[in-house]
Each structure stands twice: as structure tokens, then as C-alpha cells.
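Participant: Using the sequences provided together with the hints, build the complete structure.
These protein sequences, in sequence, are chains R and B. Going by the numbering used here, the residue at position 275 of the first sequence is 275; the numbering climbs one at a time, nothing skipped. One rule links them: number in the numbering used here = place in the second sequence (from 1) + 445.
Don't read these hints as lab results, they were simulated from the structure. Every residue, glycine too, gets a C-beta built ideally from N, C-alpha and C. Any given hint could be a false lead.
[Said to hold, decoys possible] Some chain B residues close to chain R (C-beta under 10 Å, calculated; not the full set): (1) Arg495; (2) Thr501; (3) Ile528; (4) Val530; (5) Leu531; (6) Leu540; (7) His580; (8) Cys587; (9) Tyr599; (10) Glu602.
[As the list claims (entries may be wrong)] Residues of chain B clear of chain R, computed beta-carbon distances all greater than 10 Å: (11) Arg448; (12) Arg461; (13) Ala463; (14) Gly475; (15) Pro529; (16) Thr532; (17) Tyr557.
[Stated by the list, open to error] Computed Cβ-Cβ distance ranges for the label pairs, DEER-style: (18) Gln590/B <-> Asp11/R: 33 to 39 Å; (19) Arg472/B <-> Pro44/R: 46 to 52 Å; (20) Gln590/B <-> Phe221/R: 49 to 55 Å.
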Amino acid sequence: MNNRKIMIVDDELSVRKSLEEWFREDGFQVETAEDGEVALRKMPNGPYDIIVVDLKMPGMDGMTLQKRIREIDRDAAIIILTAYASVETAVEALKAGAFDYITKPVDPDDLSHVVQNALRQKELTEENLRLKEKVSELSGPTPIVGQSPKMRHVLELIQTVAETDSTVVIRGESGTGKELVARAIHAQSRRRFFPIVAVNCGSIPETLLESELFGHEKGAFTGAQYRRKGKVELANGGTLFLDEIGDISVKMQIDLLRVLETKRFTRLGGDQEVTSDFRLVCATNKDLEKLVQENAFREDLYYRINVFTIQLPPLRERADDIPVLARHFVEKYARAMAKPPRTFSPEAEAAMVAYRWPGNVRELENAVERAMVVGQGTTIRREDLPLPVENGARDPKDLSLEALEKDHIERVLTQMDGNVTKSATALGIDRATLYHKIKRYGIRR
Amino acid sequence: MNRPIFLAYLSGYAPRWAGEVAQAVERGLGHPVSRLDLALDLTPYYAVERRQYHATLLLAALLRHLPDPNGKIIGLTSVDLFIPVLTFVFGQSQLDGAAAIASTYRLHSEYYGLPGNEALLRERTVKETLHELGHAFGLVHCRDQRCVMRASTYVEEVDLKDAEFCRACGERLATWASTLPR
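Facilitator: Written out as C-alpha cells, the structure is:
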């Protein structure tokens, strides 16, 4: 039993019927077509694993049909069938991309072998793609690291929303790990066996974004030599991750809204509607509400995507996670560089915790990577880290206990959203003492 | 629910072991098997240029001789069968239909220049009969090397498989039998 799909194109009814029965007994889903035009009309019913094409047919001949099929589908294995065997036509067919060439009447054993070989090649190609995906998964995304209450809350939200099919908006400063969160949502969703397709809307010029998202037909514009599937179509069954959605033009917003509402679209230069079943996760570091007020972001699209929001805290608001994250990156780069893992000196760790990290986790990762490259020995020192002294890192003269205490209280208050009672509990002092210190250090809440 | 199966020996073909085939098919499928001797004129199905008989047209003729509309008929013949696109077939069947046909022409060891072996011929006939009837009960080819529903395009492959359905195919047959209308 298999779930493979095959199309038989032959002008002779008896051949079509015979092959249809033969392949149905083999467990194939079979489609038949009496000529090239019908075959091309039936292509959208695919994708077909194998297409058996008769060489001599009235109207469009098999060779022309093969070329037309190739323009639409580069993956189907085409088997040319002919009553008139000649070396020239066989060579021509194989050069034009046919998988094999057999003569009528066909020995059942030959037919069986050709079909098995075609399927085996397809399976190997598909397996190759799956393995590539797996390799990129294993070497690519980083797990979400963090023990702070804010990150624990984020992880809870991911778990809650992943199983639903709701649209998710991930908001947060640049470098806070929005794509990581999108991938975590996908990995925990029922769509995890299908692809997650990411598009950075901010990095692609508007003219290219349309074709990137919706694909194009052959000849849609200069240089469009082949039909190309867009990211929306590639995300079929899986998740479409649109990063920096706040950066797309108003025209693209209209197109996107239509796709989100109907799940249907047409490729650039095409007139045939394509359906794609995807779950949308988008991310932005922009203030979408402000963009709506300024008419730079359509209100209807805003309401369409703003179903479930995950707000990622900047790294400075979860300073407790900095040492954990730094150690995680040390391990990552030690593995990648085949070096032994290193530890941070107390000064290096204090400097990392004190720094404000405007580039967030991405900046921290880059800093650790650099330290792993330039540092010597088993310890990463303060000077191995590319932290600008004048830009938030503490000057050595400010490393007094009082200065550290002031900073620490500020951080705890920020983490507890200014709640003095919770902050005092976290700090292990009573509320009166905390009020006293807040006043003494002039801390703003 | 039982489905009567009619084992129709065509046009005077009457091997000595016909009764043993009927018993083996009855055991294999669990439905009652009756033997028919069908005096069908095969001439209209003969393709002179190929010196073979058209299996698909013969299937249509067999359908007209089905004694019970709830039953299934399989024709057994000693002539060589073909379908238009293939050089030959051991048999053909209507998938999930009422008729099937199997030929013993290429099951004889003599066809391959070997000494005759009646027991082997009988075993091969049982396998092909069960295989084609399996299709008529809706089964498609099976990947199990030993299952009688394994596809066989040459006679050695027929010998490699057993004259039995594998567990999965057997379960499918049993499930369908239990859902048949009474």
C-alpha cells in the first residue's frame, strides 16, 4: 500500500485503462488524461510522484508535454512511453529531463522496475531534504534560556498558545529572541512536522517582497525563468513567521490581509488561485498602535493579527539570566570551535551583569563569541569582553558596594514592576529598610 | 457474512487438481467456493498479432456469467493473457469488483524449459487465484515478502511468496467481510 500519485497520459483508452488498473492494484492514486492539454489542466490536482507520458499523441506530443510539465513541476518523475523505440528520441527525452523511457508493450517486470527506481529516487531526494532540514535545525536555533520570572512567564505563554492555531504577535526590542520564540511556538504546535518559513519583511525591498511572499509564474517579470513558489505557499501545513511586520508597506498590508482572511492568493503574473493552510506568527519591535494612529499600519490588519501577544523583556530587565545565558553561549561556541569550555572571572561576570545590553541577547551572544575567539586560557576576563566602558559599563571607581547595592535595588524594583513589598521580600529586607534605601540613593520607581 | 466465490474453469480447461485449488482458496479467503465449468468461446478475445488473449475483455465476459450478484467470479484458463500496454499478465482483476481472471500458461515449469512439476503448478495456481481474488476483495499489493498479495512480475517471485495473506491483509479482509451488507 502506498499513497503515491500517478498520472497516465495516453491517447489510447485501452492503454489508459490497463495502466490505471495496474497502478491501482499497486496502491497508487491514479489520474488519467487523453492528451497533453487535459494533462496540463489536471496538474493542479497533483503533485504527482510519477507521470507516464505517451510520446506520440495527436495535438501536443509527449516531448512538448514533458517540457510543459517541467515548467510547472520539477519534481515529478516523467516516464516516456512509446510504441516506436529509437535511440534518438530516447536520448532526447532523457536530455529533456525524463526519468526513463520504455517501449509498448512493456514487460511487466520492466515497468515495475522503472516505477520502483523512480520512487526510490524520489524518496532519497525527499529524505535528503528532510535531513538537510534536520541538520539546519540542529545547528541553527538556540533553545530559550532563562530562569527569571519574566522569561518563565514567556515560556508559559508559548506553551499555552502553541497548541492553538491562533495568530501570535511577538513584541520586543531588537535582539530579544523573537524568532526563537516563533520557532518554539512552531516546535510545540501540531504543525511541527511541516515547515516553519521565516521572512524578514524589513530586510527585503517592497518590490521583491511581493514575489518573495506570493511567488511568481514563469515570465512574470524579467528574470523570472521558472515558476517559483512563495514563502506563503511553502509554509503550507506549517507556520509562516513574518519578522518586522511593522515595516511592510500599506499595499502589502492589503494583500496580506486578504491572504489571512481567505488563505488564498495568486502568484505574481498568474491567474490561478493557490490555497495555503498556515499559521501566522509575526514579530515587531515597532509600536504598532502608534503606527495605526499615524495611518502607517492598517487598523483591520492590526486587529486581524493582534490575537495573542507575547512581550519579550529586554535583557536588562532580566539581569539574573545574564550569567546563565553567557554560560550557555560559552558551551555553544566551545562546541562549535572545538575548544574546552571556559569560565568567567568574577570581574567579567560583574561587568556583564552591570552592562545595559542595548542589543539584548544577540549582543551578549556576539560578545561571548568574540571572547571565545580572542581569549586565552580557561578563564574569560573582563578585557576579553567587548563592553564599552563609557556606555553603561561601570567605571572601576564606581565598583563600590554602595553603587552595586543601588544598581541591584533598581534592577529588582524593575523586575517586580515597582512593587516595594515584593522587592523587599526578594532582597531579604523589610519594607521600611527598602524605602529608606530608595530615598537615600534617590532611586526612581 | 459469506460471499460465494465461483471458480470458473474456462473452455474445457479441467486440471486434475481443480478440487484441491478450490479447497485451498476456500481456506485462504474463508468464503464458500463453487466450481463452474464455463464453455466460453475464447475466439473473440484472441489478438492475432500478439497470439494472446485480451484479459480485460475476458473479465467483462466473466461478469456476464456471474451466477450470484453478491458473489465474485474468477476465471481460470490455460491460455496466455495480455493487457494492451503489457507484454503479458499472470492475471487481472477488478479492484474491489466482482470478476478476476488468472492464467496458468506462464506458471508451467515447461514454459521456462524445465521438467514439468504438477505440485508446483498447483501451488502457483493457488497463489495467483488468491492474489487476483484478493484484489477483487479490495486489497492492493503488499510489501510483505511472504504475503500472497506481494506483486509478482515473474514466476520466481510467485514461488518466493506464501499461499497465504499476511496478518495485515488478512485483517483487512476480515474487517470488510464483517461490514458487508446482509
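Participant: Each hint: holds or not?
Facilitator: Okay, the hints, checked on the actual structure:
no., hint, in the structure
1, Arg495, "8 Å, holds"
2, Thr501, "7 Å, holds"
3, Ile528, "4 Å, holds"
4, Val530, "5 Å, holds"
5, Leu531, "5 Å, holds"
6, Leu540, "5 Å, holds"
7, His580, "5 Å, holds"
8, Cys587, "7 Å, holds"
9, Tyr599, "5 Å, holds"
10, Glu602, "9 Å, holds"
11, Arg448, "19 Å, holds"
12, Arg461, "29 Å, holds"
13, Ala463, "26 Å, holds"
14, Gly475, "21 Å, holds"
15, Pro529, "4 Å, violated"
16, Thr532, "5 Å, violated"
17, Tyr557, "14 Å, holds"
18, Gln590/B <-> Asp11/R: 33 to 39 Å, "38 Å, holds"
19, Arg472/B <-> Pro44/R: 46 to 52 Å, "48 Å, holds"
20, Gln590/B <-> Phe221/R: 49 to 55 Å, "53 Å, holds"
Figure legend: structure checked against the earlier numbered hints; hints not met, in rising order: 15, 16.
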